[in-house]
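Novice: Taken in order, these protein sequences are the chains called A and W. With the numbering used here, the residue at position 4 of the first sequence is 4, and numbering never jumps. With the numbering used here, the residue at position 110 of the second sequence is 1110, and numbering never jumps.
Simulated from the structure, these hints should not be mistaken for lab results. One or more hints might be untrue.
Label pairs and their calculated CB-CB ranges [said to hold, decoys possible]: (1) W:1015 - A:54: 43 to 49 Å; (2) W:1069 - A:27: 46 to 52 Å; (3) W:1042 - A:62: 48 to 54 Å.
Straight-line Cα separation of at most 20 Å, SDA-like style, residue types lysine to any residue; simulated pairs [stated by the list, open to error]: (4) W:1003 - A:17; (5) W:1003 - A:98; (6) W:1003 - A:83.
For every residue, glycine included, the Cβ atom is placed at its ideal position computed from N, Cα and C.
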Amino acid sequence: EAGVTQSPTHLIKTRGQQATLRCSPISGHTSVYWYQQALGLGLQFLLWYDEGEERNRGNFPPRFSGRQFPNYSSELNVNALELEDSALYLCASSLRAYSTDTQYFGPGTRLTVL
Amino acid sequence: AQKITQTQPGMFVQEKEAVTLDCTYDTSDPSYGLFWYKQPSSGEMIFLIYQGSYDQQNATEGRYSLNFQKARKSANLVISASQLGDSAMYFCAMREGATGTASKLTFGTGTRLQVTL
Chain A
1 EAGVTQSPTH LIKTRGQQAT LRCSPISGHT SVYWYQQALG LGLQFLLWYD EGEERNRGNF
61 PPRFSGRQFP NYSSELNVNA LELEDSALYL CASSLRAYST DTQYFGPGTR LTVL
Chain W
1001 AQKITQTQPG MFVQEKEAVT LDCTYDTSDP SYGLFWYKQP SSGEMIFLIY QGSYDQQNAT
1061 EGRYSLNFQK ARKSANLVIS ASQLGDSAMY FCAMREGATG TASKLTFGTG TRLQVTL
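Okay, chain A solo, but in the shape it has when bound (with noise of 0.2 Å):
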């Protein structure tokens, strides 16, 4: 079974630019999950889409935004980079969104903003 897959592996941008990132969930989960971890501040929840709806953001600005697709796949979009933005980010998915469910995580982008 396929896990968690992102795309792109590393993502180069100037501030000011947009940036998108892709996620694909495990087959059969309806959860998404997107994480950034950047230095020094740890894992920090961003965005939770469950069932093409976005359930429950964390402490972020509005310029971080995504969407669920109808085959559960997400995109994190992330308008007016700016150079704090520079981090992993982390896609999960989960088989439903109990707090009993693992939540297994893709691989991650690594986005740098110059």
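The hints should help you fit chain W onto chain A, whose structure is shown.
Specialist: For chain W alone, kept in the frame of chain A given last:
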């Protein structure tokens, strides 16, 4: 207050020895899940083991076991027979609530484990 506390920034262990990585948590929700993940230098978060708040027995998965002490709100990871490939960052995480509502994982700051010969 920190929801997940990992007090050991770094740990060393000799190959074939056992090591315990500490994790304490804070929640008032009676239903929660506790998870441990491993993050090698490649960056991918690898799920290791899960413990539910209502589970009566400590979880085990191969060489990994979880020492769950609910009253003390601790969920320490024990790795037995350490291998060189165990060298990585280890994160403790918690997910609160029975269904949905705040379905995010809250992570600790991690412990970097180095296995030596």
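Novice: Hint by hint, which ones does the structure fall short of?
Specialist: 2, 3, 4, 6
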